[in-house]
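For reference, the chains in residue letters:
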Amino acid sequence: MTLHKGIARIGQFTLFAGSLLARSGVVFKRPRLVVEQVYNCGARSLIIIMLSGLFVGMVLGLQGYDLLRRFGSTESLGTAVALGLLRELGPVVTALLFAGRAGTSLTSEIGLMAATDQLLAMDMMAVDPVRRVGAPRLWGSVIAMPLLAGVFAVLGLTGAHLIGVSLMGVDAGQFWSQMRASVEMRDVLEGLLKSVLFGVVLGLIAVFEGFKSEPTPEGVGQATTRTVVVSSIAVLAMDYLVTAILL
Amino acid sequence: MSGIIELRGVDYSVRGHQVFKDLSLSIAANQVSAIMGPSGTGKTTLLKLITGQIHPDQGEVWVEGQNLKTLTLSELYALRLRMGYLFQNGALLTDLTVFENVAFPLREHQTLAERPLAEAVLRTLEAVGLRGAAALKTAELSGGMARRVALARALITKPKILLYDEPFAGLDPIALGVVLRLIRSTNDDLHITSVVVSHDVHEIERLADHVAILADGRVAAEGSPQALTQSDNPLIKQFLSGSPDGPVQFQYPAPAFDEQLREWVGA
Numbered sequence: 001m002t003l004h005k006g007i008a009r010i011g012q013f014t015l016f017a018g019s020l021l022a023r024s025g026v027v028f029k030r031p032r033l034v035v036e037q038v039y040n041c042g043a044r045s046l047i048i049i050m051l052s053g054l055f056v057g058m059v060l061g062l063q064g065y066d067l068l069r070r071f072g073s074t075e076s077l078g079t080a081v082a083l084g085l086l087r088e089l090g091p092v093v094t095a096l097l098f099a100g101r102a103g104t105s106l107t108s109e110i111g112l113m114a115a116t117d118q119l120l121a122m123d124m125m126a127v128d129p130v131r132r133v134g135a136p137r138l139w140g141s142v143i144a145m146p147l148l149a150g151v152f153a154v155l156g157l158t159g160a161h162l163i164g165v166s167l168m169g170v171d172a173g174q175f176w177s178q179m180r181a182s183v184e185m186r187d188v189l190e191g192l193l194k195s196v197l198f199g200v201v202l203g204l205i206a207v208f209e210g211f212k213s214e215p216t217p218e219g220v221g222q223a224t225t226r227t228v229v230v231s232s233i234a235v236l237a238m239d240y241l242v243t244a245i246l247l
Numbered sequence: 001m002s003g004i005i006e007l008r009g010v011d012y013s014v015r016g017h018q019v020f021k022d023l024s025l026s027i028a029a030n031q032v033s034a035i036m037g038p039s040g041t042g043k044t045t046l047l048k049l050i051t052g053q054i055h056p057d058q059g060e061v062w063v064e065g066q067n068l069k070t071l072t073l074s075e076l077y078a079l080r081l082r083m084g085y086l087f088q089n090g091a092l093l094t095d096l097t098v099f100e101n102v103a104f105p106l107r108e109h110q111t112l113a114e115r116p117l118a119e120a121v122l123r124t125l126e127a128v129g130l131r132g133a134a135a136l137k138t139a140e141l142s143g144g145m146a147r148r149v150a151l152a153r154a155l156i157t158k159p160k161i162l163l164y165d166e167p168f169a170g171l172d173p174i175a176l177g178v179v180l181r182l183i184r185s186t187n188d189d190l191h192i193t194s195v196v197v198s199h200d201v202h203e204i205e206r207l208a209d210h211v212a213i214l215a216d217g218r219v220a221a222e223g224s225p226q227a228l229t230q231s232d233n234p235l236i237k238q239f240l241s242g243s244p245d246g247p248v249q250f251q252y253p254a255p256a257f258d259e260q261l262r263e264w265v266g267a
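Those protein sequences? They're chains S and B, same order as listed.
According to the working numbering, the first sequence is numbered sequentially starting from 1.
According to the working numbering, the second sequence is numbered sequentially starting from 1.
Simulated from the structure, these hints should not be mistaken for laboratory data.
Cβ coordinates follow ideal geometry from the N, Cα and C atoms, glycine included.
Accuracy of the hints is not assured; some may be wrong.
Below, in silico cross-link-like pairs of lysine to aspartate or glutamate (EDC-like), each with a Cα-Cα straight-line distance of 20 Å or less [to be verified]:
1) K29/S x D128/S
2) K48/B x D117/S
3) K69/B x D128/S
4) K137/B x D117/S
5) K48/B x E6/B
6) K137/B x E36/S
Calculated Cβ distances over 10 Å to all of chain B for the following chain S residues [what the hints assert, rightly or not]:
7) L15
8) I48
9) L68
10) E75
11) D117
12) I143
13) G173
14) Q178
15) M179
16) L189
17) E190
18) I233
19) A237
20) T243
Build the full structure now, drawing on both the sequences and the hints.
Here's what the structure looks like:
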């Protein structure tokens, strides 16, 4: 893609994002549409998020235990895992999985609706497709992302507890009490802020790519791929920015 | 002459290819008007102009006395509420059942209670003979059924104008007869204006009150189907008889064969 096309694409994205946000009033008028999308994006992503959270937590338990043992402070395992999950891994890994699981499905769904004239048919029935199809999907993903990141963090802690306490013999009391003493509200809020921001960005990208996809099988395939690629880069870059600002 | 739909001196081009040159056309209210012409003459483009999906480079499109180019989006939507558009493939919403597809415009534009809504939907489905199919998914419908559901969906908002894009393409003779009768009876019973875009000569002869034949970017001939069948115009004769020889060429314009081959392989 030439520089010229890249800049034009960013311009298109910005305009589309503006029009999508401007049409978001439907969220309050017909909350049911958003609830359906929270189910679509959120509930249907639960299995992958829970399993991933559990395994990430187990790895953190193993690695954290090995690292802390060298300094003789394995009782801090709970704190280390909780901070890692709440501030970084929860929002970031959830967002990357969300882009692959829910973002792709949003883009291909909207792309195929466009390819089969369903969006045009809505337009002909005086129903604005950006408002009716786009906005509920965007806000569904904004609501689902922090909920999923929370589930991820809880399962991650469970996994770390399983490995650290049950397998490696870290004292359960110390695991939890150290964590409660060190983790502050601002750590939780940092994770919440990140996951909401990621939800906005992922939703905007997935819906934009769907609406702008070429109405052909290749076009929808390429748009779906772009959703994953652009979302992943956007999430990691934004994560750095937000972390740098907050620290 | 002033029709419910008027195109005045319309020029329209896509990527350097001129589709319409100074096209003027008037469509009278409460009639079935057919727009005919060989493939690629811009019949579907004409429907897009009438529904304000695209605007002409030159000239004006007027519908119900409103110049489409001057309308805001909400004014255009208000006008579209009084128009029904039937896509060639039906364009039904694939995640909804037949019932929900027909209920869709009502749920979007009105706040009806569930009972009157269901009554309206089932009555409209009955009019197209598909009340029994209300619970079916769209994937379970045949092509003809999908088009009848699309017709029900268009009718439920009680439009004044119905636009059909190739309503007969790919239908078996029975489905074709059913759709043909539905278009006629809908037009006459509900006193609406129907515009049918098609290249099916025999069906249009049976159906239409008025026919306009497009060729070379403008209306080449128009009149009643009977008048057109008796026309001496070589283009109309060729089109109505389906002959490969005549003013409309089978071959897309191309350079000489050897010249194109040289260009293609670069030798």
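| Are all beta-carbon distances from D117/S to chain B longer than 10 Å? | Per Cβ check, D117/S is inside 10 Å of chain B; nearest 4 Å; violated.
| query | Is the nearest Cβ of chain B still more than 10 Å from the Cβ of I48/S? | reply | For I48/S, whose nearest Cβ neighbour in chain B is about 22 Å away, the distance exceeds 10 Å, so it holds.
| task | Examine each Cβ of chain B, and state whether all of them lie more than 10 Å from the Cβ of Q178/S. | result | Answer for Q178/S: holds, closest chain B Cβ roughly 49 Å.
| task | Could you grab the alpha-carbon distance between K137/B and D117/S and see if it respects the 20 Å cut-off? | result | Distance ~17 Å between K137/B and D117/S Cα, so the pair holds.
| request: Check the non-interface label on E75/S: least C-beta distance to chain B beyond 10 Å or not. | output: Correct as stated: the minimum Cβ-Cβ distance to chain B is 53 Å, above 10 Å.
| request: Measuring Cβ to Cβ, find out whether G173/S lies farther than 10 Å from everything in chain B. | output: About 51 Å separates G173/S from the closest Cβ of chain B, which puts it past 10 Å; holds.
| request: Grab the minimum beta-carbon distance between L189/S and chain B and tell me whether it stays above 10 Å. | output: Fine: 37 Å to the nearest Cβ keeps L189/S off the interface.
| task | Evaluate the condition: distance from the CB of L15/S to the nearest CB of chain B exceeds 10 Å. | result | Holds, because the least Cβ-Cβ distance between L15/S and chain B comes to about 15 Å, which exceeds 10 Å.
| Nearest-CB test (10 Å) between chain B and E190/S | Answer for E190/S: holds, closest chain B Cβ roughly 37 Å.
| query | Is it correct that the beta-carbon of L68/S has no partner in chain B closer than or equal to 10 Å? | reply | Non-interface label on L68/S holds, nearest chain B Cβ at 50 Å vs cutoff 10 Å.
| Per the stated criterion, does the least C-beta distance between A237/S and chain B lie above 10 Å, as a non-interface residue requires? | holds, 34 Å
| Does the claim that M179/S lies off the interface hold, with its Cβ farther than 10 Å from every Cβ of chain B? | holds, 44 Å
Checked against the numbered hints given earlier, the structure breaks only hint 11 and satisfies all the rest.
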